[in-house]
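J.: Okay, here's what each chain looks like letter by letter:
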Amino acid sequence: NAGVTQTPKFQVLKTGQSMTLQCAQDMNHEYMSWYRQDPGMGLRLIHYSVGAGITDQGEVPNGYNVSRSTTEDFPLRLLSAAPSQTSVYFCASSHGTVYTFGSGTRLTVV
Amino acid sequence: SQQGEEDPQALSIQEGENATMNCSYKTSINNLQWYRQNSGRGLVHLILIRSNEREKHSGRLRVTLDTSKKSSSLLITASRAADTASYFCATDASGGATNKLIFGTGTLLAVQP
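Order-wise, the sequence lines are chains A and B.
1 is the number of the first residue of the first sequence in our numbering; add one for each residue after it.
1 is the number of the first residue of the second sequence in our numbering; add one for each residue after it.
So that you can see chain A by itself, here it is in the shape it has in the complex:
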């Protein structure tokens, strides 16, 4: 049972480039979400999904897109990377209230 798998673990982008952070879970959880973690600011919610085909914005959605075509996958797309998007990104899933987190993607935008 892999839980929540995030790829890649590390990524360096140039300003203006686009990329997709992958998140997959094998627990058949309906709810999935993306957070970014910055020093001194805790985790901030970017986007979330309550099931396949349904997504909604969190606290800091600007510059990011998501889709949920399957229950298992919830990719996060950076449309045009900016240095302000340098962060550690975490994906999480849940069936009830308790979250299971992935191990994170450390993204640097130069």
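If you are wondering where the hints come from, they were derived from the structure by calculation, not from laboratory data.
Among the hints, erroneous ones may be present.
As the list claims (entries may be wrong) - Partial list, derived from the structure: chain A residues whose beta carbon lies under 10 angstroms from chain B: (1) Tyr31; (2) Tyr35; (3) Met41; (4) Gly58; (5) Asp73; (6) Leu79; (7) Val88; (8) Ala92; (9) Thr100; (10) Arg106; (11) Val109.
As the list claims (entries may be wrong) - These stretches of chain A come out as covered by chain B in the derived footprint (C-beta under 8 angstroms, 3 or more residues): (12) 45-55; (13) 93-99.
All C-beta atoms, glycine included, are put in the ideal place defined by N, C-alpha and C.
Chain A is already provided as a structure; the job is to place chain B on it using the hints.
T.: Below, chain B alone, put in the same frame as chain A:
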């Protein structure tokens, strides 16, 4: 945002001592959870306390919740070096509709051997 605030931001203690972390939040909640994050890793769920509960125990962890003060505390007893990590509180105010959790800023706990 109803982000929780943890206090203190950082805490350093000796092995065997107790560690207490506090969390304050802004709006009514259904439950409050505590998570732990080891350096460079994802968060791991520790304990959940519902809004109608006042205290809960799990091993060396004791959580209290005071909904009138909108605050919670996490007590780790007889701390070990392996307890060194960041600890976050998270609140769910969605009524179960979305499972959306809002996290606090965390307390960095260092347990000296």
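J.: If you test the structure against every hint from before, which numbers come out violated?
T.: 5, 6, 11
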